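Engineer: Construct the complete structure from the given sequences, taking the supplied hints into account.
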Amino acid sequence: MVAAKRKKGSATEIDAAGVRELAKECLETKGKLNNIVTLLELCESETEEIAYASFVSIGHVYATLLERGDFKKRRAARDVEEQDDVSTTVAKWLRENRSVYVQLAFSYLSHPEPAMQVAALESLMSVVKDESYQLKEFHNALYQQVVEKCVANDNMSEHLLENLTETINTYDDVRYYFYKDFGKILGSTLDNRNGIDSKMKTTSKRRKRSFATDKLPAVITTGFNILSRIRDPVEESELGTYLYESDSSREKKPVVASAKEHKRVFSECWLAFLRQSMSADMHKRVLLAMHKKIIPFLSKPTLLIDFLVDSYDHGGAVSILALNGLFTLVTEHNLDYPDFYTKLYALFDKNLLHVKYRSRFLRLVDLFLSSSQLPSYLVAAFIKKMLRLALNAPPAAIVTIIPFVYNLLKRHPACLCLIHREQSPEQVGKEAEDPYLVDEPNPALCKALESSLWELQTLKSHYLHTISGLVRVFEEPIAKQPSYDLEDFLDHSYATLFESEVKKKTVAASPALATHTEIVGIFEPVGRQISDFACFEL
Amino acid sequence: MGKPDAQPKAKKGGSALKKLKSTLKEAGVLGKHHKISKKKSATHRASALSARKEAVQTLRDLTSRQTNPFELQFTRTKHDVLNRKVKGAQGRPGAVRKRGEENRKKTLAVEMDRKRKESAFVDRRFGENDPSMSMEDKMLERFMKERSKRSDRGNLFNLEEEDDEELTHLGKSLSEDAFNDAGFMRVEDDEDSGQIDRNTVRYTHFGGFSDDEEVEGEDGKRKSKNEIMKEIIAKSKMHKRERQLQKEQDDELADALDAQLDDIRNLLVPSKTPPTERSTTTKSLTNEPSTDYADYDSFVRELAYERRAKPTDRMKTEEEIATEAKARLEKLERDRQRRMMGLPTEEEEHETRRKNDFAARKRVSQADDLGDDDYGKAVSVMLENEEEKPLTYRNGVLVNDQVFMSKKRKLEAASDDEDEDEDDEEESDADSEQSGDDDVNGSVESDREDDSDNDEEEDDDNETEEWQVEEIDEEFGEAHGDEDASQDEESEAEESAPTSLETNDAKPAQPRFKRNPDPSAASELPYTFKAPETHTEFLGLVKDRNPEDQATIIDRLRVLHHVSLGGNNRKTLETLLDILFEHLDYLCSQPTPSFKTIHHLSPHIISLSQQFASQSAEYFITTLTTLEKRLLKNLGSGKGSKAWPDLHALVLLKLVARIYSTSDLVHPVVTPAMILIGQYLALCPVVKGRDAAVGLFLCEVVYEYETLSKRYVPEVINFFGNLLSLLLPLEEHTTQAEFPTAPILEPNVTSLRIKDWSETLTPLSLASLCPQSEIHNLSLLNTSLHLLTRFAKLYTDTSTFSTIFSPFLPLLNRIPPSPLSTPAEKAINTIITISKTAPLKRRPLLLQKHKPIPIQTYVPKFDTHYSIDRKKRDPNRERAEKAKLKNEYKKEYKGAVRELRKDAAFVARKRLVETKQRDVEYKKKMDKIMGQLASQEGAMRGYEREMKKAKGKR
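Chains as they are written, first to last, in UniProt numbering: chain A, 1 to 538; chain B, 1 to 954.
Simulated from the structure, these hints should not be mistaken for laboratory data. Given the structure is predicted, the values throughout are model-derived calculations rather than measurements. Mixed in with the good hints, there may be bad ones.
[Stated by the list, open to error] 20 angstroms max Cα-Cα, derived SDA-like pairs, lysine to any residue: (1) B:LYS851 x A:HIS420; (2) A:LYS350 x B:PRO685; (3) A:LYS350 x B:GLU731; (4) A:LYS480 x B:LEU846; (5) A:LYS356 x B:GLY638; (6) B:LYS849 x A:HIS420; (7) A:LYS460 x B:TYR703; (8) B:LYS629 x A:ALA534; (9) A:LYS356 x B:LYS629; (10) A:LYS460 x B:PRO685; (11) A:LYS460 x B:VAL666; (12) A:LYS410 x B:LYS849; (13) A:LYS504 x B:THR625; (14) B:LYS849 x A:GLU499; (15) B:LYS654 x A:VAL502; (16) B:LYS849 x A:LYS503; (17) A:LYS460 x B:LYS654; (18) B:LYS851 x A:ARG421; (19) A:LYS460 x B:LYS849; (20) A:LYS356 x B:LEU635; (21) B:LYS633 x A:GLU499; (22) B:LYS596 x A:HIS420; (23) B:LYS326 x A:THR515; (24) A:LYS460 x B:LEU846; (25) B:LYS629 x A:GLU499; (26) A:LYS504 x B:GLY342; (27) B:LYS633 x A:VAL355; (28) B:LYS851 x A:ALA534; (29) B:LYS793 x A:ALA534; (30) B:LYS710 x A:THR515; (31) A:LYS503 x B:THR625; (32) B:LYS849 x A:ASN407.
[As the list claims (entries may be wrong)] Examples of chain A residues lying across from chain B (beta carbon under 7 angstroms, computed): (33) SER424; (34) SER452; (35) THR515.
[Unchecked claim] Here's a subset of chain B near chain A, in silico, CB distances under 10 angstroms, partners left out: (36) SER609; (37) SER616; (38) GLU628; (39) SER768.
Glycine is no exception: its CB is placed at the ideal position from the N, C-alpha and C atoms.
Structural biologist: This is the structure in structure tokens:
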């Protein structure tokens, strides 16, 4: 105690080497155990370096002590009680100190310094491990707190995230409990929010676990970050790496060894997650991950229907993204979705060809419209709508749309009247507006089949020669040409188009020059552009 | 008897005997025969005999003509066709065999009989049996023998060539007539040919055969020999005299012609031989003809080789110049149109078509060909490349005998004519200088050329300096366009300096600078500058000068280092262009850029860029790529509004429109530039006034690009929609700007919204393109309305016009009454009017209107030359002929084999008969001998018996 005090007095001047020295002393001589207190105090020091050093040192000290057995409750309590009362006291003291240390570690999880966070997590995980071995089962109570602190972390650093997910990915039981705990936390949050917690017999502990509503978006974001990084659930045979290895003597298989259980907690966790209200951005991110990371591993994918249908009806980019998951459900899980095509048609709005999910969406639409059994009015409506949108679309989108339309026309010869309509003599000269109704949401009523694809004519004079060249193909006998492989056209952008133009080997030796009869300054109109109004005055 | 064929058919029923009888009866053979009696008188008997003979003959004819049906052989046809005659359907094998037999008896049998019984022909021709001699040797030897034999025989007195052989050239006979026709009449002393007249021979040789025919004189008296001889002599003398006279006259004429030769020569080769030279040649021709014939010959040869005299170029009239200019412009426009459609230009197409033609029709090979396939091609290529250049004389000496007949450089088709003009003019200029022509203008021009040649002199020559520079200045505007036209030409010009700059007078259609001459400014500036090597040097040059002066400085730099002046000027100008580009960047990056300077410098950049098209294209492509990268970087880092291009980029994009043909479907510079503009307009959000101004400037640039081709640029339409939505008041019940057909990148921007509509309208200036410039939203709206109207007019012919532009109408209707109502009104009216007319032009598409593919027909194919006898007609004539020949050969072969077989059989038969006959004869002979022997033996035995009897008796 004296020494501790002495040390405490000089604590402010101590450096990292000194900290290590303290820890060493503590381990070498039993009497110096009080150094732990000093170290714990040092942990809260202002200087991050010292704090870090002392924190790591304490972790090391505890680990060594535990290894030596100074720590063990059992031994202290049962075997050596009579003989060595001192050691019992020491052990008790040590344990107390350790709980302080654990609390400290929890607080450090949200330390601004990433290294500190990582160290805290590591030490926490080792504590969990140790405790688990003492308990002879996974110490979930402690781990649950770890999970809670982690997801509710305000300044979650990239390193912590990495470390956390690495642990989760490495140990199957850790992953299992993470899903379980996180799902529980989310569930309780939802209950709280919905006000149904009163009905439930919620313990104070549980209430504590739920978050304040204002913190929720952060939790969701962090949670998703972690969830998206966790590796996909695996088959039962591949399970086998555990943080806490249970005795093989036990006959009953632990829950963590069952893939089915894993699947169950996975589903529960995700479903709880999806029930949360999400920001638009998060919504999109979830949907992006949906068909690859979630649906295949759910025990009952059909449970996603609500979420997906809600998303699909959401409108905008979210709908587009929900389409993918919905498609998986429809095709693989026998979901019957009424008015699917009508809703799909409604997705074609002015933004569609401008968003970056364009190619992804069009890929799916291509899939949906690939059936040759679709009614021609429907296909015609889609064709007309797409071309109408293409009138205001960037060239990269038009480059996709035109082969798309071409393939559709080829697949549905009944729609050929869109590009070729012989008029009866009495109709000639009575041309009115385009009969197509753009704003009609129902493809059956939009009169697309009565229209003609004049948009193609306009696009034929598009400034990009690639597009006009593509349009020209419509003039050739459509039955004889092969269909386009849409993949070649989907992933274009301004950048790729520009690059292909610049890299093109010029055919002519020198570029064609202007033929103005006189050369004037650039801010003076020339040739046929002379008009009464100058847009910019010199 | 009339129709022997019809008879048997009529009486088909009867037996062969009956038929024979009836036939004989009809022939009248049977009836008469019985009436001949042995008791008639001798005359009767004779007549009867003759009748019998006749009957026998008739019978023979009859039997030969009327064949026994059993001797006929029929080939049954499968399908009987009326009136069809099949060869070989009916045959008479017996008759044929008989005929063959008879033929063989006549030929083969005779031959066999004669075999080894007659002498044979022995070929004793020279060397015939000598295998060591070749055919030619044999022929030669025989010919020699023949000749010697003939000469031995000696047709001494035959003056005429005996044989009919005639020498020919080019298939024509080289006889006297041909020679005479060619104008090479043999001038001989004797009028007649070498032969002595027939009459002469008759009357004079060997004392004449006067007895045969009397020759009478004019007085009817017979002439004496003496008289005749005298007459002959007199005649021959007269002829001789006449010929001499003729010859003298000819000589005189030739002399006269010789005297005039130089005049003619002058006509043929105008002003090539100077007068002094001419007199000497004349002298030499007249005085010492023998020695100078070589000279004359060479001259004749030159004349033969040289081009025929052709008229010198006259000055072109105003009209012609105008038409030429018009034609040139039209051609340029046609080319542009073709490029707009994405087709190759006319020349390119001609070239390819010509190549294709070559491939298509190769010249049919002829007898004179040397067997190389490419002969025809080679000839035409040779003709194309190897154009005779006129001989050029200077001081009577052939100056370009090295170049003569050398391959002409291949020039671009466009510059071909100009080149030639230039060449000609060059020559004529040189000529006129040499010949000391005192034409005032000519001398001034040539002086000027000299001056422009050696511009170093100008520095010394202070007095004339100004005048010269001005002169050059004037020309320059015309001259520079020439270089633009083709680079090859420049290189040529470098080779053949001095080039007369005024040749370009003929090309008024070339772009000219529109320049306001500022004599006061020009007078202050120095006239010569050192060409800057770096941008810093250039900055020193133009420092503290006003924009016009800067332009003048560059102008003078360009004149001083005009490419046609040779030397390193091309390089200098290229450096100048680089410097100008750099300077442009420098000007644009100034805090307050001088738009006037940029404006004045731009024409030089434009024309220099056009002059060095590939260099500038490279610069533009690199810069555009950099701009694109920067844009992507800015967009990626979330600085959307900062992504709008800076002034330099804007100026460059504008320059592109002036330098290059923006209406092309594909263009190495314009297409990327256009994509870049589209990218700017589509991806950069409009947040503040400068963004809007830059966007509008880009729209104007796009308008300039697409004025001619009227291509659709959706980005521009979207930008207008965005901008107008942001500028104009919001619609009711909406919180953010919205445009029905396109998304708005930053819909919540409010800084652009016009609140005060009563502000005074200030036109948008270029300064608004600089960052931190004050821009009135009202002027933005004004400009965008004007531009929108322009674009609406540009897209009048678009079939989806109303679809594209109708979303603007509700927007525009939101403009409250203000100074801007007028342009708004105008825009609305334009859109509405065009929208109304647009449906009238709109017909349902007929894109799949192709020539229908005919349904397969099953109507039989008719062959007009069909014949059932011919199995099939091979359309390939050659193959058909070959097959025919093969068939014939096969037939002949088979026939020959058959004949040979029959011959062999005949021979065998004949031999058998002969053998048999011989055997019979032998047997007979042997029998005879044996008989004789037997009788002898018998006789001898009888004798012996007698003797025995007798002995026994004794």
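Engineer: So, for every hint listed, does it hold in this structure?
Structural biologist: Going down the list of hints, with the structure as the test:
Restraint check for LYS851 of chain B and HIS420 of chain A: satisfied, since their Cα atoms lie roughly 14 angstroms apart, inside the 20 angstroms limit. For the hint linking LYS350 of chain A to PRO685 of chain B, the alpha-carbon distance of about 17 angstroms falls within 20 angstroms, and the restraint holds. Between the alpha carbons of LYS350 of chain A and GLU731 of chain B the distance comes to roughly 18 angstroms, so the proposed pair stays at or under 20 angstroms and holds. Distance check on the hinted pair: LYS480 of chain A and LEU846 of chain B sit about 17 angstroms apart at the alpha-carbon level, within 20 angstroms; holds.
Note on LYS356 of chain A and GLY638 of chain B: the hinted pairing holds, with a Cα-Cα distance of about 15 angstroms set against a maximum of 20 angstroms. Restraint check for LYS849 of chain B and HIS420 of chain A: satisfied, since their Cα atoms lie roughly 7 angstroms apart, inside the 20 angstroms limit. Only pairs whose Cα atoms come within 20 angstroms are accepted, and LYS460 of chain A paired with TYR703 of chain B is accepted, the gap being roughly 18 angstroms. Straight-line distance between C-alpha atoms of LYS629 of chain B and ALA534 of chain A comes to about 32 angstroms, which puts the hinted pair past the 20 angstroms bound.
A C-alpha spacing of about 19 angstroms is found between LYS356 of chain A and LYS629 of chain B, which places the hinted pair at or below 20 angstroms, so the restraint holds. Among the hinted pairs, LYS460 of chain A with PRO685 of chain B is inconsistent with the structure: their alpha-carbon atoms are about 28 angstroms apart, more than 20 angstroms. Between LYS460 of chain A and VAL666 of chain B, the direct Cα distance comes to roughly 14 angstroms. Compliance with the 20 angstroms bound is thereby established for this hinted pair. Distance restraint check for LYS410 of chain A and LYS849 of chain B: the Cα-Cα separation of roughly 16 angstroms lies within the 20 angstroms cut-off, and the hinted pair is therefore satisfied.
Taken as a hint, the LYS504 of chain A and THR625 of chain B pair is honoured in the structure, with Cα atoms around 13 angstroms apart against an allowance of 20 angstroms. In summary, the hint linking LYS849 of chain B to GLU499 of chain A is not supported, as the alpha carbons are separated by about 36 angstroms, beyond the 20 angstroms threshold. Between LYS654 of chain B and VAL502 of chain A the alpha-carbon distance is near 18 angstroms, which keeps this suggested pair within the 20 angstroms criterion. Taken as a hint, the LYS849 of chain B and LYS503 of chain A pair is broken in the structure, with Cα atoms around 37 angstroms apart against an allowance of 20 angstroms.
A distance of roughly 25 angstroms separates the Cα atoms of LYS460 of chain A and LYS654 of chain B; the hinted pair therefore is violated under the 20 angstroms criterion. Between LYS851 of chain B and ARG421 of chain A the CA atoms are separated by roughly 15 angstroms; this keeps the pair inside 20 angstroms, and the hint holds. The hinted pair formed by LYS460 of chain A and LYS849 of chain B meets the criterion: a straight-line CA distance of about 17 angstroms does not exceed 20 angstroms. A C-alpha spacing of about 14 angstroms is found between LYS356 of chain A and LEU635 of chain B, which places the hinted pair at or below 20 angstroms, so the restraint holds.
Using a Cα cut-off of 20 angstroms, the hinted pair LYS633 of chain B and GLU499 of chain A holds, with the two alpha carbons roughly 15 angstroms apart. Of the pairs offered as hints, the one joining LYS596 of chain B and HIS420 of chain A is violated, with about 55 angstroms between alpha carbons and a cut-off of 20 angstroms exceeded. For the given pair, LYS326 of chain B sits about 13 angstroms from THR515 of chain A by alpha-carbon distance, which is consistent with the 20 angstroms threshold. Restraint check: the Cα-Cα separation between LYS460 of chain A and LEU846 of chain B comes to about 14 angstroms, which is no more than 20 angstroms; the hinted pair holds.
As the CA atoms of LYS629 of chain B and GLU499 of chain A are separated by approximately 10 angstroms, the hinted pair is consistent with the 20 angstroms bound. Note on LYS504 of chain A and GLY342 of chain B: the hinted pairing holds, with a Cα-Cα distance of about 15 angstroms set against a maximum of 20 angstroms. For the proposed pair LYS633 of chain B and VAL355 of chain A, the alpha carbon gap of about 19 angstroms is at most 20 angstroms, so the pair holds. Note on LYS851 of chain B and ALA534 of chain A: the hinted pairing is violated, with a Cα-Cα distance of about 50 angstroms set against a maximum of 20 angstroms.
The hinted pair formed by LYS793 of chain B and ALA534 of chain A meets the criterion: a straight-line CA distance of about 16 angstroms does not exceed 20 angstroms. This hinted pair checks out: LYS710 of chain B and THR515 of chain A have alpha carbons roughly 17 angstroms apart, not beyond 20 angstroms. Simply put, LYS503 of chain A and THR625 of chain B have alpha-carbon atoms about 10 angstroms apart, close enough for the 20 angstroms limit, and the pair holds. Restraint check: the Cα-Cα separation between LYS849 of chain B and ASN407 of chain A comes to about 19 angstroms, which is no more than 20 angstroms; the hinted pair holds.
Among the interface hints, the one on SER424 of chain A is violated; its C-beta lies about 11 angstroms from the nearest C-beta in chain B, farther than the 7 angstroms criterion. Evaluation of the SER452 of chain A hint against chain B yields a held restraint, the C-beta minimum of about 4 angstroms falling below 7 angstroms. The beta carbon of THR515 of chain A is positioned within 7 angstroms of a beta carbon in chain B (closest approach about 5 angstroms), and the interface hint is therefore held. Against a cut-off of 10 angstroms between C-beta atoms, the interface hint on SER609 of chain B holds, since the closest Cβ of chain A lies about 9 angstroms away.
Proximity of SER616 of chain B to chain A holds as hinted, the smallest CB-CB distance being about 9 angstroms (cut-off 10 angstroms). Checking GLU628 of chain B against chain A: minimum C-beta separation of about 5 angstroms stays under 10 angstroms; hint holds. At its closest, the beta carbon of SER768 of chain B sits 8 angstroms from a beta carbon of chain A; the interface hint therefore holds under the 10 angstroms criterion.
The structure fails to meet hints 8, 10, 14, 16, 17, 22, 28 and 33 from the earlier list, while all remaining hints are met.
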